[in-house]
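So you can see what is in the structure, the chains are spelled out below.
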Amino acid sequence: MDLSWYYLKGILTLAGIYMLPVLGLSLLTGFTGLFSFGHAGFMAIGGYTTAVMMTKLKIPFIPSLLIGGFTASFVSYLIGKLTLKLKGDYFCIATLGFGEAIRLILENVQYFGGARGWPGLPLKTNFITVVVIDIIAILIIRNVIYSRHGRNMIAVREEELASQVVGISLFKYKMTSLMISAFYAGVGGGLLGTYLGFLQPKIFSLVRSTELTIIVIFGGLGSITGSVAGAIVLVALPEILRSFANWRLVVYGAAVVFIMIARPEGLMGGKELSFSAIKNLLRKPSKN
Amino acid sequence: MALLEVNNLTKAFGGLTAVNDVSFSIEKNEITGLIGPNGAGKTTIFNLITGVYKVTSGNIIFNEINIENKDTYKIAQYGITRTFQNIRLFKKLTVFENILTACHNNAAYSLGESILFGGLPVFLNKKTRFYKEEKMLKHQAEELMEIMGLSDRRNFIANNLPYGLQRRLEIARALASNPKLLLLDEPAAGMNPDETEKLMELIMEIRDRFDLTVLLIEHHMDLVMGVCDNIVVLNFGCKLAEGSPFEVQNNPLVKEAYLGGE
Numbered sequence: 001m002d003l004s005w006y007y008l009k010g011i012l013t014l015a016g017i018y019m020l021p022v023l024g025l026s027l028l029t030g031f032t033g034l035f036s037f038g039h040a041g042f043m044a045i046g047g048y049t050t051a052v053m054m055t056k057l058k059i060p061f062i063p064s065l066l067i068g069g070f071t072a073s074f075v076s077y078l079i080g081k082l083t084l085k086l087k088g089d090y091f092c093i094a095t096l097g098f099g100e101a102i103r104l105i106l107e108n109v110q111y112f113g114g115a116r117g118w119p120g121l122p123l124k125t126n127f128i129t130v131v132v133i134d135i136i137a138i139l140i141i142r143n144v145i146y147s148r149h150g151r152n153m154i155a156v157r158e159e160e161l162a163s164q165v166v167g168i169s170l171f172k173y174k175m176t177s178l179m180i181s182a183f184y185a186g187v188g189g190g191l192l193g194t195y196l197g198f199l200q201p202k203i204f205s206l207v208r209s210t211e212l213t214i215i216v217i218f219g220g221l222g223s224i225t226g227s228v229a230g231a232i233v234l235v236a237l238p239e240i241l242r243s244f245a246n247w248r249l250v251v252y253g254a255a256v257v258f259i260m261i262a263r264p265e266g267l268m269g270g271k272e273l274s275f276s277a278i279k280n281l282l283r284k285p286s287k288n
Numbered sequence: 001m002a003l004l005e006v007n008n009l010t011k012a013f014g015g016l017t018a019v020n021d022v023s024f025s026i027e028k029n030e031i032t033g034l035i036g037p038n039g040a041g042k043t044t045i046f047n048l049i050t051g052v053y054k055v056t057s058g059n060i061i062f063n064e065i066n067i068e069n070k071d072t073y074k075i076a077q078y079g080i081t082r083t084f085q086n087i088r089l090f091k092k093l094t095v096f097e098n099i100l101t102a103c104h105n106n107a108a109y110s111l112g113e114s115i116l117f118g119g120l121p122v123f124l125n126k127k128t129r130f131y132k133e134e135k136m137l138k139h140q141a142e143e144l145m146e147i148m149g150l151s152d153r154r155n156f157i158a159n160n161l162p163y164g165l166q167r168r169l170e171i172a173r174a175l176a177s178n179p180k181l182l183l184l185d186e187p188a189a190g191m192n193p194d195e196t197e198k199l200m201e202l203i204m205e206i207r208d209r210f211d212l213t214v215l216l217i218e219h220h221m222d223l224v225m226g227v228c229d230n231i232v233v234l235n236f237g238c239k240l241a242e243g244s245p246f247e248v249q250n251n252p253l254v255k256e257a258y259l260g261g262e
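Line by line, the protein sequences are chains A and B.
Using the numbering used here, you'd call the opening residue of the first sequence number 1 and step up by one each time.
Using the numbering used here, you'd call the opening residue of the second sequence number 1 and step up by one each time.
Calculated from the structure, these hints are not laboratory results.
Possibly wrong hints are sitting among the right ones.
Calculated pairs, DSS-like style, for lysine-lysine (alpha carbon to alpha carbon, straight line, at most 25 Å) [said to hold, decoys possible]:
| id | chain 1 | residue 1 | chain 2 | residue 2 |
| --- | --- | --- | --- | --- |
| 1 | B | Lys28 | B | Lys70 |
| 2 | A | Lys87 | B | Lys70 |
| 3 | B | Lys74 | A | Lys81 |
| 4 | A | Lys202 | A | Lys56 |
| 5 | A | Lys279 | B | Lys92 |
| 6 | B | Lys54 | B | Lys74 |
| 7 | A | Lys87 | B | Lys138 |
| 8 | A | Lys279 | B | Lys138 |
| 9 | B | Lys132 | B | Lys91 |
Heads up, incomplete: computed chain B residues facing chain A, CB under 10 Å, no partners named [said to hold, decoys possible]:
| id | residue |
| --- | --- |
| 10 | Ile80 |
| 11 | Ser114 |
| 12 | Phe117 |
| 13 | Phe123 |
| 14 | Glu134 |
| 15 | Arg173 |
| 16 | Gln249 |
Every residue, glycine too, gets a C-beta built ideally from N, C-alpha and C.
Produce the complete structure using the sequences and hints provided.
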C-alpha cells in the first residue's frame with residue numbers, strides 16, 4: 001500500500017510537470033490557433049537555465065524556475081518576431097526546426113554535459129510543489145482566457161481577417177500567447193530537471209514536442225480542463241499499460257487513434273468542466 | 001473637410017489594373033453608395049481603404065490622417081471598420097461573444113490586471129479597473145444586441161443563425177468596435193425585398209444613432225437609390241460617374257455600362 005501510493009505519486013508528479021507545457025500549448029494551439037512542434041525546445045531552455053541558476057549561480061529554487069521560464073519566453077519572442085508576421089504554416093515549421101536546433105546545440109555543449117546528460121541536479125521538486133504550481137498555472141490561464149485579451153486570442157483563432165477589422169492586432173496577440181506558452185514550457189522543463197535530478201538533450205526531442213501537441217488535441221482544442229485531463233491520462237497511460245510489456249507503446253498509440261476516431265473533437269471538445277456545468281448536467285434529468 | 005478622401009487611387013495586380021486613378025470623397029454622416037458591374041473594383045477599393053491590400057499609388061486620407069498601407073487593425077482603431085461580402089463571423093462563438101469580443105477597444109485594462117483580478121469574488125475586485133471595464137463591455141454588448149434585434153438569439157452559435165441574422169450580427173460586431181466610418185460590402189446580398197426594406201431602415205437608424213458615416217457596395221438598386229445621399233459609379237476599375245441618385249440614374253454613361261451601348 002505504501003509502495004503503491006509512492007508509485008502513484010510519482011506518476012502524478014510527472015503528469016503534473018507535463019501539465020505545464022501542455023497548458024501553455026493549449027493556450028497557443030487551442031485558443032490562438034497556432035501549431036507548434038518545438039515546445040520541447042522551450043522546455044529544454046527552461047530546464048537547463050534553471051539547472052545553471054541553481055548549481056552554478058546558487059540561486060534558490062523558485063527564482064531559478066522563474067528565470068528559466070522567462071528565458072524560454074524571451075527566446076520565443078525572438079522566434080515570434082521572425083516568423084509570426086508570415087502567413088500560413090511557416091511558424092509551425094520554424095518551431096519544428098527550432099526545437100531540433102536547441103537539442104543539437106545542447107548535445108554539443110560540454111559545459112552542460114553534452115549528449116550524455118547532466119546528472120546530480122538538486123532534487124527540489126516534489127508532489128506538493130507540482131500541485132501548487134499547477135493550480136496557479138491553471139488559474140492564470142483561466143484568467144487570461146476570460147478577459148478581453150483571451151477573447152481576442154480566440155477571435156484570432158476563429159477568423160484572422162475579421163479580427164483585424166475590429167481592431168485586433170494579430171501579431172500582438174499571437175506573440176502574447178506564444179510568450180506565455182513558452183514561459184509555461186520553460187517552468188515545466190525546470191521542474192522536470194529538479195524532479196529527475198538529471199537532464200539530457202534526448203528528453204527534449206521532436207517526439208516530446210509531438211507528444212505535447214497530441215495531448216492538447218486529445219484533451220480537446222480550446223478547453224483548459226481538457227488539457228488537464230489529457231495530461232493526466234496520457235502521461236499515466238504508458239505506466240498503467242506496463243503489464244503489456246513490449247506491446248505497451250502499440251497499445252498507447254492505438255488508444256490515441258481510437259479516441260481521435262471516436263471523438264475527433266477530443267475528450268472535452270472545446271467545453272470546460274466547471275461547477276456550473278456539472279450543476280446543469282445534474283439538473284437536466286430532473287426537468288424531463 | 002471631408003471625413004474620407006480617396007485621391008488618385010490605383011491598384012495593380014501584376015498586369016491587371018483593378019482600380020485605376022479613382023478619386024472621391026465622403027462627407028461626415030453621409031451614406032455613399034459604391035456601385036458598378038461585377039469586377040468593377042468595388043471590393044478592391046474596400047480592401048485598399050481597410051489596408052487588406054497595399055496601395056499601388058495614390059492616397060487615402062481619413063480624418064486628416066494618411067491611412068494608405070497602414071495595418072488593418074490600426075485603421076480599425078482610427079475608426080474604419082467593415083463587413084464582408086462573404087460573411088466572416090467568429091463562427092464557433094455565440095452571438096454575444098462575437099459582439100463582446102469586438103467591444104474590446106473600449107476597455108484599457110492590461111493582461112497583468114486580468115491575471116491578477118480575474119475570477120475574484122465581486123466584493124474583492126469591485127473597485128478594480130478590470131471589473132468595471134468588463135462590466136461596461138458586457139453592458140455594451142447587451143445593448144448592441146438589443147438595438148440589432150439579436151437579444152433573443154444571445155446564446156446561439158453564430159454559424160447556426162439564419163443568413164439574414166448573420167448579416168445583422170456582422171453589422172452589430174462592426175458597430176461594437178466604435179467606428180466613425182462603416183463600410184458595408186453587399187449587405188443585402190441574398191435578402192428578399194422585405195428584408196432589404198428592413199435593412200434600409202436599419203442602416204439609416206444606426207447612422208443617426210451612432211453618428212456614423214456609411215459607404216456601401218450594393219447591387220439592389222432599390223436600396224442604393226433609397227438610402228444613399230451620394231453615389232459613385234465604377235466600371236472596369238475607373239470612376240464613371242458621381243452624384244446624387246437622380247443624377248446617376250440619368251447619366252448616359254451609367255446606362256451604357258449597365259445596359260450596354262446602342
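Checked hints:
no. : hint                   : result
1   : B:Lys28 with B:Lys70   : 22 Å, holds
2   : A:Lys87 with B:Lys70   : 17 Å, holds
3   : B:Lys74 with A:Lys81   : 19 Å, holds
4   : A:Lys202 with A:Lys56  : 22 Å, holds
5   : A:Lys279 with B:Lys92  : 24 Å, holds
6   : B:Lys54 with B:Lys74   : 14 Å, holds
7   : A:Lys87 with B:Lys138  : 32 Å, violated
8   : A:Lys279 with B:Lys138 : 24 Å, holds
9   : B:Lys132 with B:Lys91  : 28 Å, violated
10  : Ile80                  : 9 Å, holds
11  : Ser114                 : 3 Å, holds
12  : Phe117                 : 8 Å, holds
13  : Phe123                 : 18 Å, violated
14  : Glu134                 : 8 Å, holds
15  : Arg173                 : 6 Å, holds
16  : Gln249                 : 32 Å, violated
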